[in-house]
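Input sequences plus hints: build the corresponding full structure.
The chain contents come next:
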Amino acid sequence: MNRLSTYLLVALAAILLLLPLWANSGLVFLTGTTIIVAVFALSWNLLFGYAGLASFGSGGLFSIGAYTMAVMLRQGYEGQFLLLIVLATLAGGVVAFAIGFVALRRSTGIFLAILTLALAELLRITLAKIHWLGAEDGIPSIVRPTFSIGFATVDLSRGNSYYWFVCIACALLVGLTWWIAHGRFGRTLRTIRLDVERAAFMGVDTHRYRLVAFTISGAIAACAGALFAPWAQIVTPDIGNMMRSTQPILFTLLGGASSFWGPLIGAFLFSAIEFSTRTLVGIQEIITGGILLAVVLMFPTGVAGAWNALIAGLSARPEPAKAAPALQPVKE
Amino acid sequence: MTIIRLSSVDKSYGSLKVLHGVDAEISEGETFAIIGPNGAGKTTLFKVMTGEIGCEAGSVEFLGKDVTRDPAYKRTRAGMGRTFQVARVFKEMTAEENLIVAVEARLQNTGKSDAPWYAVKPSSATLDEVHSILVRLSLDKKARTPASELSHGDKKRLELGITLAGRPKVLMLDEPTAGMSPSDRVGVTELIRDISGKGSGLTVVMTEHDMGVIFGLADRIMVMNQGRKIAQGSIEEIRANPVVREVYLGKEAHHA
Chain W
1 MNRLSTYLLV ALAAILLLLP LWANSGLVFL TGTTIIVAVF ALSWNLLFGY
51 AGLASFGSGG LFSIGAYTMA VMLRQGYEGQ FLLLIVLATL AGGVVAFAIG
101 FVALRRSTGI FLAILTLALA ELLRITLAKI HWLGAEDGIP SIVRPTFSIG
151 FATVDLSRGN SYYWFVCIAC ALLVGLTWWI AHGRFGRTLR TIRLDVERAA
201 FMGVDTHRYR LVAFTISGAI AACAGALFAP WAQIVTPDIG NMMRSTQPIL
251 FTLLGGASSF WGPLIGAFLF SAIEFSTRTL VGIQEIITGG ILLAVVLMFP
301 TGVAGAWNAL IAGLSARPEP AKAAPALQPV KE
Chain S
333 MTIIRLSSVD KSYGSLKVLH GVDAEISEGE TFAIIGPNGA GKTTLFKVMT
383 GEIGCEAGSV EFLGKDVTRD PAYKRTRAGM GRTFQVARVF KEMTAEENLI
433 VAVEARLQNT GKSDAPWYAV KPSSATLDEV HSILVRLSLD KKARTPASEL
483 SHGDKKRLEL GITLAGRPKV LMLDEPTAGM SPSDRVGVTE LIRDISGKGS
533 GLTVVMTEHD MGVIFGLADR IMVMNQGRKI AQGSIEEIRA NPVVREVYLG
583 KEAHHA
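Protein sequence lines correspond, in order, to chains W and S.
Numbering (the numbering used here) for the first sequence: 1 to 332.
Numbering (the numbering used here) for the second sequence: 333 to 588.
The set of hints was computed from the structure by calculation and includes no laboratory data.
There's no promise every hint is true.
Said to hold, decoys possible - Label-pair distances were calculated between CB atoms; the ranges are: (1) S:His463 with W:Val28: 45 to 53 Å; (2) S:Gly386 with W:Ser161: 55 to 63 Å; (3) W:Phe151 with S:Asp460: 45 to 53 Å; (4) W:Phe151 with S:Pro403: 16 to 24 Å; (5) W:Thr153 with S:Pro403: 49 to 57 Å.
The C-beta atom is built at its ideal place from N, Cα and C for all residues, glycine as well.
What follows is the structure in structure tokens.
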């Protein structure tokens, strides 16, 4: 990543952290939601941009994380909040592993897309029929927990404290995802997306790598869902509907799949567009759709791709020859 | 010692039978060429050997072990390295990155990965090895060129490098000079001879159309026609074989 992009990222992080000091609660709520779905989108692109697998049912895993959290908080386990996040994350990972174990051996591409879509819808319909989980109405009045971390008590129920908790948790998740995507594992995943057969002929167990990626992606999606439940303070079956599953796809299209940061950029741009057109009732969707279409047609590599091309154009100077080639594992 | 043994391999695509009970024994250290006219079944046989496709009957033994049911990645781990007819490299990655992932895959498969679990960048030993492969392939000046921008010949070299990074016992080359210019062809032939030279212990199995390349490299030749093995032997034996002359070398032999 070039220096300018790094500055922009740091600036964005600073704006997000300081936001509650000046913005109204509506904007803070929208921003917190955007941060969570941005991480959710990153987890999806770990599959799509790195392993080359398109899931259309990621909303289902988001939902599993959110419901796990909601139920446990309702049962009064708020004191173990951090453990609950881990538990919800594991729940997503286990479900993703089970689906991947059965599905990935036989189907990738369009079959996987349809299968995951169907499974997510099945989950949504099932959730709407379970009375213990509030059926169609879901679980309302979810508390923002207060818990102890040994030397101190953390109270997330007051003011904007949960917002900052979401910021920190999501920063950690972004860091984790970045590390997974840029290390040896991420490099190997890219070879699988680029040419699965060639990767196999390097001795890579491509099925296993895809399964692990599917599991990690599902776990992170569920973790995002778990953070979302106390944020929205209500979960309903629609939390994991098709709109939810489509979100990461749209964000990634807008931001660019070839860049790690693409989905994150896409999520914030999307929210910004929606926010600035919120008063234009009736034509909001047309404007949003129009912008998305324009970006996809004009910049096939998304905003991140266009940005990188711009930076490359500005800084195009002959580089001095180097004795040993330095390393640049992932195009940013 | 026999390193690869094929026993009465049958393979059909739908109702079309392309391999009829093919037997072959490839010895350690030799360069073994499979030739034959178009549609003879060379590439299919090659694919059955490497595990790209299965076969209906017969068996494939590698290093004395039956690998007929083993997927490609297991055969690769056991020591089979291959290239493709049309060079397959990771186009979005630079030449250097292509080799990094290949070296890392081998280290991982052999349990010799020296990078700590938390490392993002490849280890310096990996980078050193990558650099030495680049030099050997005369690609060191193009280390940071995206593979998609390499010339056809350089792509072939890079693919060979990816395969060599796996330190195979058998190098399986599917038409290594296909579609190359005559000068590239000479270069790659020399490169293969250099890699598989005496003392390297490397076994090479190749299919090839270019007779010049074959006669320059092969120790033994197997001739296929219509899914059957019709002859096998040294270059001289194959040249002298009347059946081979008729079905395959016919025209060339008369012109020569």
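In ascending order, which of the hints set out earlier in this document are inconsistent with the structure? Of the numbered hints, just 4 does not hold.
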